[in-house]
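Keeping the supplied structure of chain H fixed, place chain R upon it in accordance with the hints.
There are 2 protein chains.
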Amino acid sequence: MKNYVEPIAKLINHFSKLPGVGQKTAQRYAYSVIRMNEEEIKGFANSILEVKQKIKYCSVCGNFTDVDPCGICTSRISDTICVVQEPKDVLAMEKVRDYSGLYHVLHGTISPMENRGPNDIRIKELLSRVSSGKIKEVIIATNPDVEGEATALYIARILKPLGIKVTRIAQGISMGSDLEYADEVTLNRAFEDRKEL
Amino acid sequence: MKNYVEPIAKLINHFSKLPGVGQKTAQRYAYSVIRMNEEEIKGFANSILEVKQKIKYCSVCGNFTDVDPCGICTSRISDTICVVQEPKDVLAMEKVRDYSGLYHVLHGTISPMENRGPNDIRIKELLSRVSSGKIKEVIIATNPDVEGEATALYIARILKPLGIKVTRIAQGISMGSDLEYADEVTLNRAFEDRKEL
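Chains as they are written, first to last, in my numbering: chain H, 1 to 197; chain R, 1001 to 1197.
Wrong hints could be hidden among the right ones.
Below, computed lysine-lysine pairings styled on PhoX-like, alpha-carbon distance capped at 25 Å [to be verified]:
| no. | chain 1 | residue 1 | chain 2 | residue 2 |
| --- | --- | --- | --- | --- |
| 1 | H | K165 | H | K95 |
| 2 | R | K1056 | H | K42 |
| 3 | H | K54 | H | K42 |
| 4 | H | K24 | R | K1017 |
| 5 | R | K1042 | H | K42 |
| 6 | H | K42 | R | K1024 |
| 7 | R | K1024 | H | K88 |
| 8 | H | K160 | H | K124 |
| 9 | R | K1017 | H | K54 |
| 10 | R | K1024 | H | K54 |
| 11 | R | K1042 | H | K24 |
| 12 | H | K17 | R | K1054 |
| 13 | H | K42 | H | K56 |
| 14 | R | K1024 | H | K17 |
| 15 | R | K1054 | H | K24 |
| 16 | H | K42 | R | K1088 |
| 17 | R | K1095 | H | K17 |
| 18 | H | K54 | R | K1042 |
| 19 | R | K1017 | H | K42 |
| 20 | H | K195 | H | K95 |
| 21 | H | K17 | R | K1088 |
| 22 | H | K24 | R | K1088 |
| 23 | R | K1024 | H | K95 |
| 24 | H | K24 | R | K1056 |
| 25 | H | K17 | H | K42 |
| 26 | H | K88 | R | K1017 |
| 27 | R | K1042 | H | K17 |
| 28 | R | K1095 | R | K1165 |
| 29 | R | K1017 | H | K17 |
| 30 | H | K56 | R | K1024 |
| 31 | R | K1095 | H | K24 |
| 32 | R | K1024 | H | K24 |
| 33 | R | K1042 | H | K56 |
| 34 | H | K42 | R | K1054 |
| 35 | H | K88 | R | K1042 |
Simulated from the structure, these hints should not be mistaken for lab results.
Given the structure is predicted, the values throughout are model-derived calculations rather than measurements.
Isolated chain H (complex conformation):
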C-alpha cells in the first residue's frame, strides 16, 4: 500500500472489509468516492452511521427494523411462521409470491463444529411464539447444508409435540439448471422427493 496517500489508504482499507472486496476493487471504490460531490459524500457517510444507529432487531421476529416490532410483525395477520437463518433470507423469501405470513430469524444455525447449540440461536423465542396458540404451520427455510438441515430437524422435533404442522421447503434440481451439472446429493434428494404428475 506504500504508494497511496494516507486518507486514500484508509478508505481502501475500509472498503476491503466488505464481503468479496479485494484490494483492487476497494481501490476502484475509493477513487470513485473521491470523484463524488460534497452532498453525495455526506449522504454516504451519514447513511453508514445511521444504519448502525437506527437499525435494531425486531423483538418479535428478529429481523432488522427501525421500529419495534417491525412492519411485517405489526401489519400481517397470519397463522404461519417461516423460519430463516439470517435477516437477508427474509428478503429472499419475500420473493415467494404465495407467501405473506410471518417470519422468525434464528441468527445462525446449530453447529457443533463451531460450538453453537440450540440456546445460541433464537429457538426459545420461536417456541414461545408458537406456544401462544395462534400458529398453525411453521415452514423451515434454513439453508440446505449440513447445519441448516440439522437445525431444521431439531426445530421439527421440538415443535411437533405441540401439535404444530412443521414443513421444510423442497430441495431438488434448480429451475433452469442442467441435470448434467447437478451434484450427487441434490440428484439423490430430487429422486427421493419425486412427485406424481
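Frame of chain H, contents of chain R only:
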C-alpha cells in the same frame, strides 16, 4: 426496494452508486455494514468524509495528494515525466520496477466526440513543466484506444519542436495471454513493432 426499512434502503442506494455495484451486491455490503462494530462504522464513515476533505490535486503533477506538491514531486529528482490519463494510472505505472521518474496526470483525453479539446485537459501545465528545461524525456502512457492514441500524438507533436525525447509505451500481445484470442488490431500492432532477437 419496498421490503427494505428506510435506513437500509438508503445505504443500499449509496453503495449501488459505486462502479460495478448492482442492487444485489449493494444489499450484501449494506448488511455487512450493519454487522460491523461501532468503531469500524465510525472509522468507515469518517474516512469517506476525510478523503473528500483532505485529498486535493497536486498543483505540479495533478495526482491525488494530501500535501501540495505531492510526495512524488517533492522527493524524486528526475529528468523524465510519465504522462497518464488518470490518477489511478499512476498507481499502475508505479508497478514498473525500472521507472522512478515524475508523473503528469492529464485528467482525461482529447475527445472530439465528447467535445474535449487540448485545453480541457492538463496539457498547458505539461508544456510549462517541460519548458523549464530540466526534462529530457516524456513517456506517454495514455490508454491504447482511439482517444488515448490521439492524445499521445497531439502531445508528441507539440513537445518535439522543444527538442524533447517523446516516447510511447509499447503495444502488443499481453504477457501470458493466448495469441488465438488476441484481437486483430493488437496483432497487427505487435507484428509491426516486432523486435530482432
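Against the structure, the hints come out as follows:
no. : hint              : verdict
1   : K165/H / K95/H    : holds, 23 Å
2   : K1056/R / K42/H   : holds, 17 Å
3   : K54/H / K42/H     : holds, 17 Å
4   : K24/H / K1017/R   : holds, 17 Å
5   : K1042/R / K42/H   : holds, 13 Å
6   : K42/H / K1024/R   : holds, 23 Å
7   : K1024/R / K88/H   : holds, 11 Å
8   : K160/H / K124/H   : holds, 15 Å
9   : K1017/R / K54/H   : holds, 22 Å
10  : K1024/R / K54/H   : holds, 22 Å
11  : K1042/R / K24/H   : holds, 23 Å
12  : K17/H / K1054/R   : holds, 22 Å
13  : K42/H / K56/H     : holds, 23 Å
14  : K1024/R / K17/H   : holds, 17 Å
15  : K1054/R / K24/H   : holds, 22 Å
16  : K42/H / K1088/R   : holds, 23 Å
17  : K1095/R / K17/H   : holds, 24 Å
18  : K54/H / K1042/R   : holds, 14 Å
19  : K1017/R / K42/H   : holds, 14 Å
20  : K195/H / K95/H    : holds, 24 Å
21  : K17/H / K1088/R   : holds, 21 Å
22  : K24/H / K1088/R   : holds, 11 Å
23  : K1024/R / K95/H   : holds, 14 Å
24  : K24/H / K1056/R   : holds, 22 Å
25  : K17/H / K42/H     : holds, 21 Å
26  : K88/H / K1017/R   : holds, 21 Å
27  : K1042/R / K17/H   : holds, 14 Å
28  : K1095/R / K1165/R : holds, 23 Å
29  : K1017/R / K17/H   : holds, 18 Å
30  : K56/H / K1024/R   : holds, 22 Å
31  : K1095/R / K24/H   : holds, 14 Å
32  : K1024/R / K24/H   : holds, 20 Å
33  : K1042/R / K56/H   : holds, 17 Å
34  : K42/H / K1054/R   : holds, 14 Å
35  : K88/H / K1042/R   : holds, 23 Å
Of the numbered hints listed earlier, not one is contradicted by the structure.
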